[in-house]
Amino acid sequence: LRNDRWNHRSRRLARSIRVERPNDRDPQAEGAVEAEAQRIAGARGSGHLGRGARRLDDAAVYLERANSIRPGDLTARQLLASLRLQSGKTDEAVVMLEAIVKDAPELIEAHVQLATAYGRLKRTADAQREREIIDRLTAEAQARQPGAKPAGKGGGVR
1 LRNDRWNHRS RRLARSIRVE RPNDRDPQAE GAVEAEAQRI AGARGSGHLG
51 RGARRLDDAA VYLERANSIR PGDLTARQLL ASLRLQSGKT DEAVVMLEAI
101 VKDAPELIEA HVQLATAYGR LKRTADAQRE REIIDRLTAE AQARQPGAKP
151 AGKGGGVR
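With the first letter of the sequence shown counted as 1, position 62 gets the number 62 in our numbering; the numbers rise by one all the way through.
A few of these clues could be false.
What follows is a set of in silico ranges between Cβ atoms, one per label pair, in the way DEER data are often shown [to be verified]: (1) R136 to D103: 17 to 27 Å; (2) G88 to T124: 16 to 26 Å; (3) E92 to Q128: 19 to 29 Å; (4) A99 to T124: 19 to 29 Å; (5) S68 to Q128: 30 to 40 Å; (6) E98 to P146: 28 to 38 Å; (7) S68 to K149: 41 to 51 Å; (8) D58 to A139: 35 to 45 Å; (9) G147 to G72: 31 to 41 Å; (10) D58 to R144: 36 to 46 Å.
Read the hints as simulated data drawn from the structure, not as lab findings.
Here a beta-carbon is modelled for each residue, glycine too, at the ideal position from N, C-alpha and C.
Turn these sequences into a full structure, and let the hints steer you where they fit.
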């Protein structure tokens, strides 16, 4: 499941660089991001994704490049923050994730990662606040689903 998520995000990042800025493209960077997406896709089946510092460092190089090309791209920023968190650079991840949730407060996954980072740093009050935000955003997303019943009107489990 985790490998599928990385594969999907890497391909989405590569497509966004190609498609969204056709007149301001860096073919070398596009190729690097696409190569990383393909490498991740190949590693998916073997279970080697994210194993070892070298792979994390390699991924960081590509994501740093993508982030420098498109600094406002939430996907690149979130992948880079996730990589920082995974590689033990929790303080750096927190700074990045706080900026992401400021720019995109509805992004549940960023709040989940931020709560995890806060927990690792023993910032329990901050982690609890993020979990409450996650619960609220999740409930709001579920309420928007077709056929959802409003809370308190027979929509809950009894």
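Quick rundown of the hints versus the structure:
1. R136 to D103: 17 to 27 Å: Holds: the Cβ-Cβ distance is about 18 Å, inside 17 to 27 Å.
2. G88 to T124: 16 to 26 Å: 20 Å, holds
3. E92 to Q128: 19 to 29 Å: Taking Cβ atoms as reference, E92 and Q128 lie about 22 Å apart, which means the hint holds.
4. A99 to T124: 19 to 29 Å: With Cβ atoms ~22 Å apart, the hint holds.
5. S68 to Q128: 30 to 40 Å: Given about 35 Å between the Cβ atoms, the range holds.
6. E98 to P146: 28 to 38 Å: 34 Å, holds
7. S68 to K149: 41 to 51 Å: 47 Å, holds
8. D58 to A139: 35 to 45 Å: 39 Å, holds
9. G147 to G72: 31 to 41 Å: 36 Å, holds
10. D58 to R144: 36 to 46 Å: Holds, at about 39 Å.
Violated hints are absent here; each numbered hint is respected by the structure.
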